[in-house]
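Protein chains in written order, with the working numbering: chain A, 1 to 448; chain B, 1001 to 1401.
Hints in this document: simulated from the structure, not taken from any laboratory.
Glycine included, each C-beta is placed from N, C-alpha and C at the ideal position.
There may be inaccurate statements among the hints.
[Stated by the list, open to error] Distance ranges between label pairs, derived from CB positions:
| no. | chain 1 | residue 1 | chain 2 | residue 2 | range |
| --- | --- | --- | --- | --- | --- |
| 1 | B | N1006 | A | P27 | 42 to 52 Å |
| 2 | A | P340 | B | S1237 | 41 to 51 Å |
| 3 | A | H372 | B | G1087 | 18 to 28 Å |
| 4 | B | V1398 | A | E187 | 44 to 54 Å |
| 5 | B | G1100 | A | Y400 | 50 to 60 Å |
| 6 | B | F1286 | A | E187 | 39 to 49 Å |
| 7 | A | F334 | B | K1128 | 20 to 30 Å |
| 8 | A | K289 | B | K1339 | 52 to 62 Å |
[What the hints assert, rightly or not] In silico negatives: residues of chain B with every beta carbon more than 10 Å from chain A:
| no. | residue |
| --- | --- |
| 9 | D1048 |
| 10 | L1065 |
| 11 | L1275 |
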Amino acid sequence: MSKDIRIKKGLDIKLVGEAKQVTTELPLGSVFAVRPSDFHGVIPKILAKEGTEVKAGEALFHSKSDERILFPSPVSGKITEIVRGARRKVLEIKITTNGTQDYKSFDKVDVSSMSGEEVKNHLFASGCWPFIKQRPYDVVANPNQAPKAIFVSGYASGPLAANYDYVLEGKQEELQVALTALTKLTEGKVHVSVGSSKSPLAKLKEIEVHHVSGPHPIGNVSTQIAQVNPINKGEVVWVVRPQDLVVIGELLLTGKLNLKRTIAVTGSKINEPKYVTAFAGAQIGDIVKGNLNNDNTRVISGDVLSGLQEGEEGFLGYYDNQITAIPEGDDYEFFGWNKPIFNKISTSRALTFSWLTPKKKYDLNTNTNGEHRAFVVTGAYEEVFPLDIYPMQLLKACMYKDLDEMEGLGAYEIAPEDFALTEFICVSKQPHQKIIREGLDLMREELG
Amino acid sequence: MGLKQNLHNLKEKYKGTKMAPLFNGFHTFLYLPNETTHGGTHVKAADDLKRTMNTVIMALVPCLLFGMFNAGYQHHLATGEIERVTGFFSGNFWNLNNLGVGLIKVLPLVIVSYVVGLAIEFVFCIIKGHEIEEGYLVTGMLVPLIVPIDLPLWMLAVAVAFGVVIGKEVFGGTGMNILNPALTIRAFLFFAYPTWMSGDKVWVNGARELAGSADAISGETMLGSLAQNLTPNYSVSEMFFGFIPGSVGETSTFLILLGALFLIFTKIGSWRIMLSSVIGALVMGFVFNMVADAGIIGETSKFYGLMSLDFWKHLLIGGFAFGAVYMATDPVTASQTNKGKWIYGFLIGFISIMIRVFNPAYPEGVMLAILLMNVFAPTIDHYVVQGNVKKRLKRAKVKTA
Chain A
1 MSKDIRIKKG LDIKLVGEAK QVTTELPLGS VFAVRPSDFH GVIPKILAKE
51 GTEVKAGEAL FHSKSDERIL FPSPVSGKIT EIVRGARRKV LEIKITTNGT
101 QDYKSFDKVD VSSMSGEEVK NHLFASGCWP FIKQRPYDVV ANPNQAPKAI
151 FVSGYASGPL AANYDYVLEG KQEELQVALT ALTKLTEGKV HVSVGSSKSP
201 LAKLKEIEVH HVSGPHPIGN VSTQIAQVNP INKGEVVWVV RPQDLVVIGE
251 LLLTGKLNLK RTIAVTGSKI NEPKYVTAFA GAQIGDIVKG NLNNDNTRVI
301 SGDVLSGLQE GEEGFLGYYD NQITAIPEGD DYEFFGWNKP IFNKISTSRA
351 LTFSWLTPKK KYDLNTNTNG EHRAFVVTGA YEEVFPLDIY PMQLLKACMY
401 KDLDEMEGLG AYEIAPEDFA LTEFICVSKQ PHQKIIREGL DLMREELG
Chain B
1001 MGLKQNLHNL KEKYKGTKMA PLFNGFHTFL YLPNETTHGG THVKAADDLK
1051 RTMNTVIMAL VPCLLFGMFN AGYQHHLATG EIERVTGFFS GNFWNLNNLG
1101 VGLIKVLPLV IVSYVVGLAI EFVFCIIKGH EIEEGYLVTG MLVPLIVPID
1151 LPLWMLAVAV AFGVVIGKEV FGGTGMNILN PALTIRAFLF FAYPTWMSGD
1201 KVWVNGAREL AGSADAISGE TMLGSLAQNL TPNYSVSEMF FGFIPGSVGE
1251 TSTFLILLGA LFLIFTKIGS WRIMLSSVIG ALVMGFVFNM VADAGIIGET
1301 SKFYGLMSLD FWKHLLIGGF AFGAVYMATD PVTASQTNKG KWIYGFLIGF
1351 ISIMIRVFNP AYPEGVMLAI LLMNVFAPTI DHYVVQGNVK KRLKRAKVKT
1401 A
C-alpha cells in the first residue's frame, strides 16, 4: 500500500547550473579528510594514530559515548595529519593515498536470515552505523533506542540537488539488500518516498513506498515523517539517505565498504555542471578541477541552503553528494533596498518581480541583501513551512532556551535543514538553522 | 574610485567606533551593504526590512498628498472662498491654492516627526551600539497623518519624543515594542493636550485663530457632529473620497483602500487583519442599528446619532479605515499567528465602533481599540499556540493509550 504525500507550502529555489545527466569517472585523487564535525554531536576517540596505514573501511575513530560506533576511512593510505583546534579538538583526519584502493574485507552476509541484533553488529563492525541518523535532534542514531519507524527520502527537492532517479540507476540490488537489513532494525515499517514511479526505489519489496509531490521542502525527511507518522515525545525515528543505502547494500553483498558516490557538481560558477564519481572526504579541488570559474567564487559542499563553505582546499562532506559553486556577493548595490528587483528570488511582491517568472532560473550570489535585524515581519515563514509547527515561536523558544516550550512546539520533529527556507526568506536575516541547531543541542544535553 | 569606493573606505575607517551605526545608517540608505552570508543558507531572498518598510511608506504617500490638498480645501471652503466639490477630480480641490496651505501646514509636521524621532533613534543606536533599525521610517510617516492640522509643532515634538522613548526604545527598539509607537504618540497628545486634539476648532486650518472673530469658522468632524446628534450634510461620495474634515491623512477611504490593496498585493500588510477588522466593525455597527431600530435607545439619547448611523457608513468616517489598514497591521504589535490575526482584527473593529458610540466626549474609538488589542495580542497568540501544543500532546496520548 502506498500513501501519497502532497504539500502546497514551500518554495522551489531554481538556480542556474543544474547538473547534466552524464557522469565522469574521476581519478582517485591524493589527499582525503574525514571531519568529526560532519557527525554532529559525536566526540571522537582516535583509533588510528598519525603515521599509520589504514585500509578503506578501517576505523579512524569511534564515538566516545559508544565505542561500537566506528567511523571508517573512505580510502586506503597513510594518515598524514590529524589537525586539531582549540582544546585539542580533532578537526580533520587527513589521509594520503598511494593511488590504489585497498579495501578491508568484511564478511559477505545473507541479510534475510539474520536477526536484528546480528544486522546491528555487522553495521557497527563495518563502520556503517554513522549512516543511520535519528530524529529527534538530527544526530547519528543512538543504537540503544528502538526506532518506531525508519524513513528514507528518495526524492531530493533542494536547490540543484542530485537527482536520485539518476544517481541510483542500476543499484536496485544494493538498495533492496540494505532496505531488508533496515527492516530488521525496527518493529515498525520502513518508509521510502519517491518522486516518480521511475525511481529505482519505487519497485522494491518489504517497504512502504510513498509518492511525494510539491515544492521544496517535500524532499526533507521531516516533512514526510510529519505526514506519515509524526514523532511524539519519547519516540525515535531513524533516517537513512539513499546514497548511503547503496554503500550499505554493497557492503552486505560484497564485503567491501565502498564510499564512492555519484556527486552532482552544480552552480553558475561551474563551467560544465554534471555528475562525477568521488569518494567521501575527497578534496574539492580534485573534483572540480578544470571545471570551475574561480573568480570570486564560493564553493560549497552540499547545497546552497544547508551546505558548508569549503573552497578548493576543502573536502567533500561525509554525507554530501553535491558540490555547488556560486558567485560571492561582496559588492554594494546602489539603492538596492528600494529599486525594483528582477534578478533575485523573493516571496513578497514588494517591487520584487520573481512572482512574474516562476519558471526562471536565477543566478543568486552570497550577498545577504540586507542587514541583520530583530524579528519584525510575521506570517511569511508559514508560507514556506509545511509542518504543523509555529516556526517563529519555536525559533524564539530556542533563542531564550525555554526547554518546555521547545518541546511543546514540536522541536522533536525537526532538523535544522527544515528551517533553511525560512532562513532564506527571512526579512530580518536571522540565522534560523544555527538557532535551531543550538536549541536541539541544548535539549539533547538537558533531556537526553 | 567612485562614491562607492570612497564610502567603503570611510566605512572601514569608522568600523568599531561609536559613530559606526550612524554612518552605516546613511551608507546603507544609499547602498545595499556588501555583507555576505556566513554559515546557514548561502543565498538569501531579495527582501530586507528596509524594502518592507519602504513599501508601507509608498502606500502612505497618496494619503499624505491628499491630506495636503484637503487641508487647503477645508480651509478655503470654511472661509467661503471656494465651492463644495462635485466629483473626485474637481478643480475646487486639486489646485495649487489648496496645496499651498497643505505644504505650509503639513510638511512641517512631517519634518518635525522625522527629525525628532530619528534623532532619538540614532542616539539610542549609538548608545547601544546596534545598527539603526528601520521601524521609525513608517512611524514617522504615520504620525503627521493622524494628528489635526493645527497641532503646534512643539507638542508634536514632545509627543514624538515620549512615544519613541517610552513606546519603543525602553522595550529594546524595533521589533520589541508592545504598543504601536505611532498610536502611543497620538494617545499621548490626546491625553496631554485634549483641547488640541478634539472639538470643533482643530480640524480646519485657522479655525482656532479665527474663533470669536467675525470671520469665525468651525470644522466639526463627522464623528463630532454625529456624537452631538446633529446630521452632517456630507454625501456618501464625499465621505468615501475624503472631502471631509479630519486628521491630516485619514479622511480618504478611497485612497486608503487603494493603499490596502497595494499592501495586500505586495504581501506586506496582513489581509486577515484588515478584513477581520472590517467585519468586526460591520457586526458592531449592525448590532447598534438593530438596537436603535428596536427603539431601545430613543432619539433623545446622546448615543442615538452614532448608533443609528447606517452600519456601513462607520467604515467611511473617522479614522477607522486608516487605523485598520496602516496601524492594526503593524506586525510587531499585532497578533503573530494567522489564527490570532483573525481574532485580533475582529476585536479591533468591534471595539472601535463600540467606543465610538459610547464615548461622546471623544468619538474616535479606533486608536484606543488598537492600543487595547496591542496589549492583548500576546495573550491571543498564547492561546492559539497552546492549541498547537495541546494537539501535539493529544496525539502522543492517543498513541500510548
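Tested hints:
{"no.": "1", "hint": "B:N1006 to A:P27: 42 to 52 Å", "result": "holds (49 Å)"}
{"no.": "2", "hint": "A:P340 to B:S1237: 41 to 51 Å", "result": "violated (35 Å)"}
{"no.": "3", "hint": "A:H372 to B:G1087: 18 to 28 Å", "result": "violated (50 Å)"}
{"no.": "4", "hint": "B:V1398 to A:E187: 44 to 54 Å", "result": "violated (18 Å)"}
{"no.": "5", "hint": "B:G1100 to A:Y400: 50 to 60 Å", "result": "holds (54 Å)"}
{"no.": "6", "hint": "B:F1286 to A:E187: 39 to 49 Å", "result": "violated (59 Å)"}
{"no.": "7", "hint": "A:F334 to B:K1128: 20 to 30 Å", "result": "holds (29 Å)"}
{"no.": "8", "hint": "A:K289 to B:K1339: 52 to 62 Å", "result": "holds (54 Å)"}
{"no.": "9", "hint": "D1048", "result": "violated (2 Å)"}
{"no.": "10", "hint": "L1065", "result": "holds (19 Å)"}
{"no.": "11", "hint": "L1275", "result": "holds (14 Å)"}
Hint check: violations occur at hints 2, 3, 4, 6, 9; the rest are consistent with the structure.
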